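There are 2 protein chains.
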Amino acid sequence: MQASQLAIGIDIGGTHTTVGLVHQDGTISWQQQLKTRDYKTPEAFIAALKTTLQPQIDRIGRNHITGIGIGAPNGNYYSGTIELAANLPWKGVIPLTQMVEDAFHLPVQLTNDANAGALGEMIFGAAHHMKNFAFITLGTGLGSGLVANGQLIYGHDGFAGELGHTIALPEGRPCGCGRKGCLETYASATGLVTTAIEFLQQLKQFETYPDNWLATIWQQKKQISAHDVFIAAENHDPTAKAIFDYTAKILGLSLANLVALTSPEAIIFFGGMAKAGDYLFSPTKKYMEDNLLSVFKNKVQILRSQLPQANAALLGAASLVWA
Amino acid sequence: MQASQLAIGIDIGGTHTTVGLVHQDGTISWQQQLKTRDYKTPEAFIAALKTTLQPQIDRIGRNHITGIGIGAPNGNYYSGTIELAANLPWKGVIPLTQMVEDAFHLPVQLTNDANAGALGEMIFGAAHHMKNFAFITLGTGLGSGLVANGQLIYGHDGFAGELGHTIALPEGRPCGCGRKGCLETYASATGLVTTAIEFLQQLKQFETYPDNWLATIWQQKKQISAHDVFIAAENHDPTAKAIFDYTAKILGLSLANLVALTSPEAIIFFGGMAKAGDYLFSPTKKYMEDNLLSVFKNKVQILRSQLPQANAALLGAASLVWA
Numbered sequence: 001m002q003a004s005q006l007a008i009g010i011d012i013g014g015t016h017t018t019v020g021l022v023h024q025d026g027t028i029s030w031q032q033q034l035k036t037r038d039y040k041t042p043e044a045f046i047a048a049l050k051t052t053l054q055p056q057i058d059r060i061g062r063n064h065i066t067g068i069g070i071g072a073p074n075g076n077y078y079s080g081t082i083e084l085a086a087n088l089p090w091k092g093v094i095p096l097t098q099m100v101e102d103a104f105h106l107p108v109q110l111t112n113d114a115n116a117g118a119l120g121e122m123i124f125g126a127a128h129h130m131k132n133f134a135f136i137t138l139g140t141g142l143g144s145g146l147v148a149n150g151q152l153i154y155g156h157d158g159f160a161g162e163l164g165h166t167i168a169l170p171e172g173r174p175c176g177c178g179r180k181g182c183l184e185t186y187a188s189a190t191g192l193v194t195t196a197i198e199f200l201q202q203l204k205q206f207e208t209y210p211d212n213w214l215a216t217i218w219q220q221k222k223q224i225s226a227h228d229v230f231i232a233a234e235n236h237d238p239t240a241k242a243i244f245d246y247t248a249k250i251l252g253l254s255l256a257n258l259v260a261l262t263s264p265e266a267i268i269f270f271g272g273m274a275k276a277g278d279y280l281f282s283p284t285k286k287y288m289e290d291n292l293l294s295v296f297k298n299k300v301q302i303l304r305s306q307l308p309q310a311n312a313a314l315l316g317a318a319s320l321v322w323a
Numbered sequence: 001m002q003a004s005q006l007a008i009g010i011d012i013g014g015t016h017t018t019v020g021l022v023h024q025d026g027t028i029s030w031q032q033q034l035k036t037r038d039y040k041t042p043e044a045f046i047a048a049l050k051t052t053l054q055p056q057i058d059r060i061g062r063n064h065i066t067g068i069g070i071g072a073p074n075g076n077y078y079s080g081t082i083e084l085a086a087n088l089p090w091k092g093v094i095p096l097t098q099m100v101e102d103a104f105h106l107p108v109q110l111t112n113d114a115n116a117g118a119l120g121e122m123i124f125g126a127a128h129h130m131k132n133f134a135f136i137t138l139g140t141g142l143g144s145g146l147v148a149n150g151q152l153i154y155g156h157d158g159f160a161g162e163l164g165h166t167i168a169l170p171e172g173r174p175c176g177c178g179r180k181g182c183l184e185t186y187a188s189a190t191g192l193v194t195t196a197i198e199f200l201q202q203l204k205q206f207e208t209y210p211d212n213w214l215a216t217i218w219q220q221k222k223q224i225s226a227h228d229v230f231i232a233a234e235n236h237d238p239t240a241k242a243i244f245d246y247t248a249k250i251l252g253l254s255l256a257n258l259v260a261l262t263s264p265e266a267i268i269f270f271g272g273m274a275k276a277g278d279y280l281f282s283p284t285k286k287y288m289e290d291n292l293l294s295v296f297k298n299k300v301q302i303l304r305s306q307l308p309q310a311n312a313a314l315l316g317a318a319s320l321v322w323a
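Residue numbers (the numbering used here), protein chains in the order written: chain Y, 1 to 323; chain A, 1 to 323.
For reference, chain Y alone in the conformation it holds in the complex (with noise of 0.2 Å):
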């Protein structure tokens, strides 16, 4: 009988990176944090990264290992590089599966963390034993990974599975990617208070403003988070509920364009988002499915992700060494 084998998973974040051992069953025995930032150069990182893992790789055997992966914004599949990633304090174009393949003799995968983060479900998660679906991380943008076929649709250069740039209002909000009208301006916690403000400017302007939460938060703060508008949902206030429904109309619509092309078994939300609920899931579902083709009508299903929220970027990261 072959001893147990694990995955070395690397999570690359703006703010921390986390590095740890995974089972394959999912279980960590092992993570640690280091803090990105820290690093002013990939080779600092790498060096930190060598101090940190080296001694649990000695202690495992190499051999006990199948491999290192690896997710990170912008990492690309095929490149194995990480490019022009605005959130980490590298710029240009750095070789990371190589230098960390340098650093290991170990094999490394590395992926965008929406990618990981798909895998991870279709490993660990909700899309277990699935071979079509799509994966979407609502928080401050909007991240998607597509599996077809039991594979990720990486594209012939590796960037593929951009939902959140896809086009959903031509001439729509400006979109930090230069463009306008992208998918992440409506459907996202930004896209959501710009809603919001919106909204509540509307109100104002035709002397309705109502005597609800959501508005006397604004006027007391000045400002909205989406977290705000979940709680004045809460609080049964209808400004609220107009908010998500008008995320959930632009949503659902760009959900039933996605069901068309790629049919998936299940969408699957992961992230912050996806804490408000059916405020946000039930609208969405019911305009996806007033979208849908009759062929694809009640057959997809609306899933939130399964993986515990702290381990799933690295549950992701390590899914790469098994996918």
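Don't read these hints as lab results, they were simulated from the structure.
Small disclaimer: the values here were computed from a predicted structure and weren't measured.
Heads up, some of the hints might be wrong.
Which copy is meant is left open, so a pair is good if it fits within one copy or across any two.
[Claimed, not checked] Okay, derived cross-link-like pairs now, DSSO-like style, lysine-lysine, Cα gap no bigger than 27 Å in a straight line: (1) LYS131 <-> LYS221; (2) LYS286 <-> LYS40; (3) LYS180 <-> LYS249; (4) LYS286 <-> LYS180; (5) LYS180 <-> LYS285; (6) LYS297 <-> LYS180; (7) LYS40 <-> LYS50; (8) LYS91 <-> LYS299.
Go by the hints and put chain A onto chain Y.
Okay, now just chain A, sitting in the frame of chain Y:
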């Protein structure tokens, strides 16, 4: 050395069914046509196939035939059935794969005609050696087959790849599918004609009806064909160019969104509308590029099918055996 292997291709269309023997290099050593509508039941159709094909199988020897590939409207790869195909004489759900297997005792694969076309391009045509591309048939409607990681995206139910039924303009033109604003109501021969009539009616309404080729045709025939619009463009009719531009704007945006999701190496066009050539494709490419996320710009080739038009469907069907 192994003897050369052959595939049997069966392309089922509303009018004709073509059967043929296809070699691995794409040469067709024998083919014959049946009139699909002559066979009122699937059983009668299978009997005719048997009469036509069995002598060829006996002549070549069963062990030299790898299998049978079938392309058919609404053909489902997973279930092996044709379901509710509007332009075929047989109603309901036809278990075609099973029926053909029972008749010939050879492995049988079935898919819809656009998917078969995509495989044909991958094995014999413009997508040779590509692992990530989109294949689009522009005819009366818009069909598509999407290939990622060298495999067709069938989705979990076999119905993926419906680019023509992504909603391009919410609340737009009524579509035969019962919804509104589907891409194929704009980007197809039918869509082009609808646009032409809208444009000509608008010219008339504003009393700026020009003394041009297209307007003259419309006045004389009280109808317009896609070919008329093409001829008008050849004659430098500005209305015709505006019609192509309008079509290209909608198609280009949809292609940009497709690229964001699947990042294909190329988008390959096939079908009657592909003959419109640069009148359609130059502005389509421009609008696609205008709407692309920067990481995808100037990377995606727009190509025309490299399969001979007369044999494309047959080669596509046979490709199912080699894919």
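Hint by hint, here is what the structure shows:
1. Neither within a single protomer nor between protomers do LYS131 and LYS221 lie at most 27 Å apart by alpha-carbon distance, with minima of 46 Å and 52 Å respectively.
2. In the homo-oligomer, the alpha carbons of LYS286 and LYS40 never lie at most 27 Å apart, since the shortest distance is 47 Å inside one protomer and 41 Å across protomers.
3. With identical chains, the CA atoms of LYS180 and LYS249 are at most 27 Å apart both within one copy (18 Å) and between copies (15 Å).
4. Proximity of LYS286 to LYS180 under the C-alpha cut-off of 27 Å is found in both arrangements, the shortest distances being 26 Å within a copy and 17 Å between copies.
5. For a Cα distance limit of 27 Å, the shortest separation of LYS180 from LYS285 qualifies both inside one copy, at 25 Å, and across copies, at 19 Å.
6. Within a single copy, LYS297 and LYS180 get their C-alpha atoms only as close as 30 Å, which misses the 27 Å cut-off; across copies the closest is 16 Å, which meets it.
7. Within a single copy, LYS40 and LYS50 get their C-alpha atoms as close as 16 Å, which meets the 27 Å cut-off; across copies the closest is 72 Å, which misses it.
8. For the homomeric pair LYS91 and LYS299, the shortest alpha-carbon distance between copies (23 Å) is at most 27 Å, but the shortest distance inside one copy (44 Å) is not.
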